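Once you've looked at the hints, dock chain B against the given chain A.
There are 2 protein chains.
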Amino acid sequence: MTKRLGILGGGQLARMLVQAAIPLGIETVILANRNDEPAALVSKAVVGNWNDRTLLDQFAQAVDVVVLENEFIGSEKLAYLASKGVQLVPDQATLGLIEDKAQQKLTLAAAGLPVPALGLIESLSDLEAFGAKHGFPLMLKTRRNGYDGRGTAKIRSADEIASACAALGFPENPVFVEAWVPFEAELATLIIRSVNGEQCVYPVIETYQPSGVCRVVRAPAPFSAAIQQQAREVAQATAAALGGLGILAVEMFLTSKGQILVNELAPRPHNTGHYSIEGSYCSQFENTIRAALGWPLGDPQLRQQSAVMVNVLAPTSRALESSLIQTALQPQVHVHWYDKRSAKPGRKIGHITAVGADLSEVEARAQAAVDQLEQVLAEPA
Amino acid sequence: MTKRLGILGGGQLARMLVQAAIPLGIETVILANRNDEPAALVSKAVVGNWNDRTLLDQFAQAVDVVVLENEFIGSEKLAYLASKGVQLVPDQATLGLIEDKAQQKLTLAAAGLPVPALGLIESLSDLEAFGAKHGFPLMLKTRRNGYDGRGTAKIRSADEIASACAALGFPENPVFVEAWVPFEAELATLIIRSVNGEQCVYPVIETYQPSGVCRVVRAPAPFSAAIQQQAREVAQATAAALGGLGILAVEMFLTSKGQILVNELAPRPHNTGHYSIEGSYCSQFENTIRAALGWPLGDPQLRQQSAVMVNVLAPTSRALESSLIQTALQPQVHVHWYDKRSAKPGRKIGHITAVGADLSEVEARAQAAVDQLEQVLAEPA
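Here the protein sequences line up with chains A and B, keeping their order. Residue numbers for the first sequence follow my numbering, so the first one is 18 and each next one is one higher. Residue numbers for the second sequence follow my numbering, so the first one is 18 and each next one is one higher.
Chain A with its partners taken away, still in its complex shape (with noise of 0.2 Å):
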């Protein structure tokens, strides 16, 4: 029998995977929190308190095989649902390399692989002294639920140690540190391994991402073959330090001395690769499931030569209903709204992708979609 894909979490990712689900006909099982997250109204799902055993037990006997759109879930949790018999991709093992972060880059450092200096942090002494080694500005992380920016503190001299460590809630909150990059540019590609053994390099993106939160995403990065194929080879490196299968998203500096260095990790459908629904032969939603699946990959080369996706971000708080889009379906552009009922300033609430020969017309087609959007999201409710 054809196996029934769950998804853990309720979000845009689980929305678009569901989307991707149905001309595979595949059945999807969402496991949310509230019945009208966006995935939760557009598939079967289970609805409730995930610490609640009981719960997951009826997530595990709907589904056989499961994938993430948060790598913060726990693999406590996928451990207990893989003793249900559910096949996890990717499993415990790796979400358990991953959910930590600074042990993730400990493991990717000891492989090798070009990464930030980085250190542990016991104590605010340890801070002083990786500052009178490294030199400020420092990058102070949470190890854990970090992400878009959130989780993060830049400590401008050893005066701001205290407060950037009570920011981020340290000692409850474990941290560590990694040294400033200037860098040129942040570029991002996806690694899709399947569970037959194949495995898929998406192109290399740019991505800008002003306060941490990705705005735009140019497909391809428009840097010099030898940068794209050497920022492809330190994904691939690190896909095979971390080993496990399914989907890997790894993003990248590129230092103004030229260098590659490996800045994130999600082991799930990731917002740089949203441009891939149109504009690449099989998008990153597809292949998730394929690669779960153990099915053939698609062919995750870019149909026409660019590709640009641009975030939709919510200027205000106010409730949201589809019908807002309006402004934003212009000609030759795809509108993508998450369906999500209300925003807070900065959400990610949906995004428009374009496609075509030229990369900055491409751009500005999708700019100025969301720029009427947002425009109208500006306004009072």
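No wet-lab data here; the hints were simulated from the structure. Keep in mind the model is a prediction, meaning the values are calculated, not measured. Check before you lean on any hint, since a few could be wrong.
Any copy, or any two copies together, can satisfy a pair, since identical chains are not distinguished.
Said to hold, decoys possible - Here are the simulated DSSO-like pairs of lysine-lysine, each with C-alpha atoms no more than 30 Å apart in a straight line:
1. Lys20 / Lys101
2. Lys361 / Lys61
3. Lys20 / Lys361
4. Lys171 / Lys365
5. Lys20 / Lys94
6. Lys61 / Lys20
7. Lys171 / Lys150
8. Lys20 / Lys171
9. Lys101 / Lys61
10. Lys61 / Lys365
Showing chain B alone in chain A's frame:
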């Protein structure tokens, strides 16, 4: 508030409408006969006997605007839904003009549109007279409920009149007759008319329909710009003559004399438009939804030079499951599997689309994947 989209029917057309609704943030509700129909598997659904007014009431309460996947529902059911405050796109008046194929063609003929010569049939002698005037063969058709070659019978000579009438259930089942059209090719296009007044026209395509069942769609139709333009004008005039809103599929003959004749109409997404999911900037499904909501229409033009869709037809009666499609997941094809639970020979159970620069290469790519899949499907379950 954003309108909720009702879809009358639970088949693959409804399933692909659901897929298109997800990125637009639109909630769908299917009216289905069984809960294992392709669309009922992936959407909220109201399931039961459509002649049950309580069921229609329940559906009417769950939706704001309704589109069709089947024109043979009976316009009286649309009228009932309209009386419950539901907005219908198209409305019951338009469906009333289309659901009786003889009335449909007479309407077009009265508007001066090119249609095959036709006659209403009250008795067998009417057919003898029509044959004497127009010559044999003739095409006998039921006035309602025909599709995919069903509800038609070819009459090669006067001797076959009685058996053809019996085969179509005449006189209980009303029929009409058309003169035989020696055609060089079958063409089709889609007209979309939004409730906001906008209109768009899809590329003219060629459809290859052995035995009256669509097998291959080539976009654009590999004929001169003049022929494409002529077909587009006939289709637009056809839509204008019928009036109404929403999507209208217009199938046409290109005769051996280079004339365009209207063959069949359908006020719903159509098999000849499936290529548009990957082929066009905006698919027929997305534009059907936008038109019903009064949202701006998307660009129907092809993103790349060519798109070819090949239907997957069940070679034998057998149980189906999605994992069968694995052999069809070849590079650079897009597989759509409708998740029907069983197949009878010749039944449409999926389709595969390829896109690219060269029509012949694109067709070969899609056809090769379909051949692989149908070979697997022909094996004993």
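Now the hints, each set against the structure:
Proximity of Lys20 to Lys101 under the C-alpha cut-off of 30 Å is restricted to the intra-copy arrangement: shortest distance 15 Å within a copy versus 41 Å between copies. Both within a single protomer and between protomers do Lys361 and Lys61 lie at most 30 Å apart by alpha-carbon distance, with minima of 27 Å and 28 Å respectively. Taking the shortest Cα distances, Lys20 and Lys361 sit within 30 Å of each other only across copies (24 Å), while inside one copy they are farther apart (37 Å). Only within a single protomer do Lys171 and Lys365 lie at most 30 Å apart by alpha-carbon distance; the minimum there is 23 Å, versus 59 Å between protomers.
Taking the shortest alpha-carbon separations for Lys20 and Lys94, only the intra-copy value of 21 Å comes in at or below 30 Å, while the best inter-copy value is 38 Å. Taking the shortest alpha-carbon separations for Lys61 and Lys20, both the intra-copy value of 15 Å and the inter-copy value of 21 Å come in at or below 30 Å. For a Cα distance limit of 30 Å, the shortest separation of Lys171 from Lys150 inside one copy, 17 Å, qualifies, whereas the shortest one across copies, 90 Å, does not. Taking the shortest alpha-carbon separations for Lys20 and Lys171, neither the intra-copy value of 45 Å nor the inter-copy value of 45 Å comes in at or below 30 Å.
For the homomeric pair Lys101 and Lys61, the shortest alpha-carbon distances inside one copy (20 Å) and between copies (29 Å) are both at most 30 Å. For a Cα distance limit of 30 Å, the shortest separation of Lys61 from Lys365 qualifies both inside one copy, at 24 Å, and across copies, at 26 Å.
In this structure, the one hint that does not hold is number 8.
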